[in-house]
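Engineer: Sequence:
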Amino acid sequence: MAQSKPVVRPRGQRKPAETDLGFSWGTVNTALLSVGVVLILAGYFALSRGSISLAPVLLVAGYVVVVPAALVLLGRGRAAGE
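Position one of the sequence shown corresponds to residue 1 (my numbering), numbered consecutively onward.
None of these hints come from the bench; they were simulated from the model.
Note that this is a predicted model, so its numbers are computed, not measured.
Just so you know, not all the hints are guaranteed correct.
Stated by the list, open to error - Derived CB-CB ranges, DEER-like:
{"no.": "1", "residue 1": "Val37", "residue 2": "Ala17", "range": "31 to 39 Å"}
{"no.": "2", "residue 1": "Pro56", "residue 2": "Trp25", "range": "27 to 35 Å"}
{"no.": "3", "residue 1": "Leu73", "residue 2": "Val7", "range": "38 to 46 Å"}
{"no.": "4", "residue 1": "Ser48", "residue 2": "Thr27", "range": "26 to 34 Å"}
{"no.": "5", "residue 1": "Ser48", "residue 2": "Val7", "range": "32 to 40 Å"}
{"no.": "6", "residue 1": "Val64", "residue 2": "Thr19", "range": "24 to 32 Å"}
{"no.": "7", "residue 1": "Pro68", "residue 2": "Phe45", "range": "46 to 54 Å"}
{"no.": "8", "residue 1": "Val37", "residue 2": "Lys15", "range": "28 to 36 Å"}
{"no.": "9", "residue 1": "Leu33", "residue 2": "Gln3", "range": "47 to 55 Å"}
Where is the CB? At the ideal position from N, CA and C, for every residue including glycine.
Let the hints inform the model, and build the full structure from the sequences given.
Structural biologist: Next comes the structure, spelled out in structure tokens:
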């Protein structure tokens, strides 16, 4: 029987080593992102109903406050830059 040679990838096709970017995603981040999506959907629903005072408040709160907070907030015990 003929023996098969192991498959060797050329150097250009090897997968690069994964690096830790220091980004952790926790349950608090998931909850905040969910609240942000709900606020945004409620804002668009209020906008479709003709609200010109409630809709912008909900949309700004969702897009400018809650969603960025979900992305920036670090988990408990994690310091910035670690």
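Engineer: CB of Val37 to CB of Ala17, is that within 31 to 39 Å?
Structural biologist: 34 Å, holds
Engineer: If I claimed the Cβ atoms of Val64 and Thr19 lie 24 to 32 Å apart, would that claim hold in this structure?
Structural biologist: 31 Å, holds
Engineer: So the hint says 38 to 46 Å: do the beta-carbon atoms of Leu73 and Val7 match that?
Structural biologist: The hinted range 38 to 46 Å holds for Leu73 and Val7, with Cβ atoms some 45 Å apart.
Engineer: Take a look at whether the Cβ-Cβ distance between Ser48 and Val7 falls inside 32 to 40 Å.
Structural biologist: The hinted range 32 to 40 Å is violated for Ser48 and Val7, with Cβ atoms some 57 Å apart.
Engineer: Between Leu33 and Gln3, does the beta-carbon spacing fit 47 to 55 Å?
Structural biologist: 54 Å, holds
Engineer: Holds or violated: 26 to 34 Å for the Cβ distance of Ser48 and Thr27?
Structural biologist: 32 Å, holds
Engineer: How does the Cβ-Cβ distance of Pro68 and Phe45 compare with 46 to 54 Å: does it lie in that range?
Structural biologist: 22 Å, violated
Engineer: When you take the CB atoms of Pro56 and Trp25, is the distance between them in 27 to 35 Å?
Structural biologist: Roughly 29 Å apart at Cβ, these two residues keep to the hinted range, so it holds.
Engineer: Taking 28 to 36 Å as the stated bounds, is the beta-carbon spacing between Val37 and Lys15 within them?
Structural biologist: 33 Å, holds
Checked against the numbered hints given earlier, this structure breaks hints 5 and 7; the rest are met.
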